[in-house]
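Novice: Please build the complex by placing chain B on the supplied structure of chain A, with the hints as guidance.
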Amino acid sequence: MSASTCIEGVGLGLRSQHYEELLSSRRDVPWLEVLADNYAHGDGLPLRHLDRARALYPVVFHGVGMSLGSTDPLDGDYVAAIRRLARRIEPAWISEHLAWVSAGGRHHHELLPLPFCEEAVGTVAAHVREVQDRLGQRILVENAAGYLRFACSRMSEAEFIAAVVAEADCDLLLDVSNLHVNARNHGYDPLVFLETIPGDRVRQMHLAGYDDHGSHLIDAHGSPVSEATWALFIQVQGRFPGVPTCIEWDRDVPPFAVLAGERTRAAAIVDAAVDAAQREACLAS
Amino acid sequence: MLRELQLELGRAFHEAGAAGPAASSVLGQLCGLGEVAPAQTLAIYQGSVAHAVEKALRDIFPVCAALLGGDCFRALARESARRHPSTGPDLARVGDSLPALVPLLSFLDAVPYLADVASLELAWHRAWTQPDPPTAGDPARIAEAVSAEPHRHRFLLPPSLQLVASEHPILEIWQAHQEDCEALDALDLGADLPASQLVVWRRDAELRIDRVDTGLWLLLESIARGEPASALLELYAPESRNDVDELLQQDPDDFAPALEAIRSLFERGWIVGLEPVPGRAGRSDQT
Chain A
7 MSASTCIEGV GLGLRSQHYE ELLSSRRDVP WLEVLADNYA HGDGLPLRHL DRARALYPVV
67 FHGVGMSLGS TDPLDGDYVA AIRRLARRIE PAWISEHLAW VSAGGRHHHE LLPLPFCEEA
127 VGTVAAHVRE VQDRLGQRIL VENAAGYLRF ACSRMSEAEF IAAVVAEADC DLLLDVSNLH
187 VNARNHGYDP LVFLETIPGD RVRQMHLAGY DDHGSHLIDA HGSPVSEATW ALFIQVQGRF
247 PGVPTCIEWD RDVPPFAVLA GERTRAAAIV DAAVDAAQRE ACLAS
Chain B
208 MLRELQLELG RAFHEAGAAG PAASSVLGQL CGLGEVAPAQ TLAIYQGSVA HAVEKALRDI
268 FPVCAALLGG DCFRALARES ARRHPSTGPD LARVGDSLPA LVPLLSFLDA VPYLADVASL
328 ELAWHRAWTQ PDPPTAGDPA RIAEAVSAEP HRHRFLLPPS LQLVASEHPI LEIWQAHQED
388 CEALDALDLG ADLPASQLVV WRRDAELRID RVDTGLWLLL ESIARGEPAS ALLELYAPES
448 RNDVDELLQQ DPDDFAPALE AIRSLFERGW IVGLEPVPGR AGRSDQT
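So the sequences go chain by chain: A and B.
Just so you know, we're using the numbering used here here: the first sequence kicks off at 7 and counts up by one.
Just so you know, we're using the numbering used here here: the second sequence kicks off at 208 and counts up by one.
Chain A extracted, bound-state conformation:
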């Protein structure tokens, strides 16, 4: 059995506020998503916690520092650090964002948006291929929330993602909350987005809360998943039933019970989608 086959259902993003609840004994959580950046650069206690997490749960890595969309060369030291950590922890897979974080050697520590153009496709895809070569495995790239629109964009976000996946031969992490945020902010139909991306490459999903500023939404990871996102998640799972999903919560992290409640709600939606798909398959046969 490959490592990735043990990632099923709805997992949680591991946050230090929940070390005690999640790491004292195995909880009713099928897998954990780990922010690799928090562990790749150091040693000491953080790694002990991560070792403990890995002993109890299957794990996937998520990253924010690879800067796949940057016109700078790839940071070889960063990728090497992720590779060392991956060899130690053996995550089922590794994901990163379709964004840039640094340029000209300066790091902005924020996921920054790309124009949707051929040049950006080529830049991202080249970096993804290089990362995959260095890590020795295919990675997942995530649709990021973006609040800028560029005059030089020549394609839709979904077309951009499809082009990157085709050129880089990578997989997709579909952030349903980012999809909702971008669809609302940029005024596109999320269902058209879902029809355009390569569905067979969607290996994982994300759910998180956003801040509603009236004129626009901000992907903030500091509140419960919104009802609008839940509704979209039902549609997304209907299209891609059973894709493992992770609940993210990074700001004002609540008590574990709140996160567990979100996880339970998402798991019910995933289970219902899988059941519906199985019934449909039975009827078709």
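In short, the hints are calculated from the structure, not lab data.
A virtual CB, placed ideally from N, CA and C, is assigned to each residue, including glycine.
Careful, some of the hints might be misleading.
[To be verified] So the derived label-pair ranges between C-beta atoms look like this:
#	chain 1	residue 1	chain 2	residue 2	range
1	A	A61	B	P319	26 to 34 Å
2	B	R415	A	A287	57 to 65 Å
3	A	A132	B	S232	25 to 33 Å
4	B	G277	A	A287	53 to 61 Å
5	B	G277	A	D218	21 to 29 Å
6	A	P261	B	A463	54 to 62 Å
Specialist: Just chain B, lined up with the frame of chain A:
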């Protein structure tokens, strides 16, 4: 085209508002976001980029943040980002230059102990992520090796151990700002509080700050500087400071106080091994 766009955006994200040179230059390449004008969309990122650094610094320096208050700490974070732009992906490193920056900022003159409190908080933060020490060797064997060839060996401190000194009572200030301490209001910084010679370190999963006396401080400083064990022996026989060979010819009993101090450091976990001094051939007593 993408290269120039990213470099210009990168500069614009660190300007305030849309009037800066980079922001003005890049706005023409942006479209609005529904009701939101391009300048406002740029401001979203200006805010989030500044917030990312400020939050990272606040996580590393919570006592400094509490001492300064929100607006003043925010100004410090902005100045830190301006003078020391981040050149790596590790957010945990953005505070490395903060203790040295504080004395350069005149708006912080009213808090003369702030730089030293920042040094203490940075040491605490680093102790968290430093690796565990190697398994400690046999103190008796190490003592034997040291007394036989003190020129050729030097002691090893645990990777997490850092020394923080201040003429201010920074440990008391730090303790007064911990969650489980009720003494914050009671702390009188004008009182005759002690200066600080502090050891910040991690024992297993426990982070610790220990105050040490001047004798122990000098020993630890000597080890931290990478000086050979003979330098430690000199500390205990100051009359022989200029003639180590003479010192080594003394009765072994003369070493007893020094060896006792070293044994004490071992027992505390503040010496974790011994290594040859680089460039001096000798027995390999890596322990």
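Novice: When the structure is checked against the list of hints, which entries are broken? Sort them ascending.
Specialist: 1
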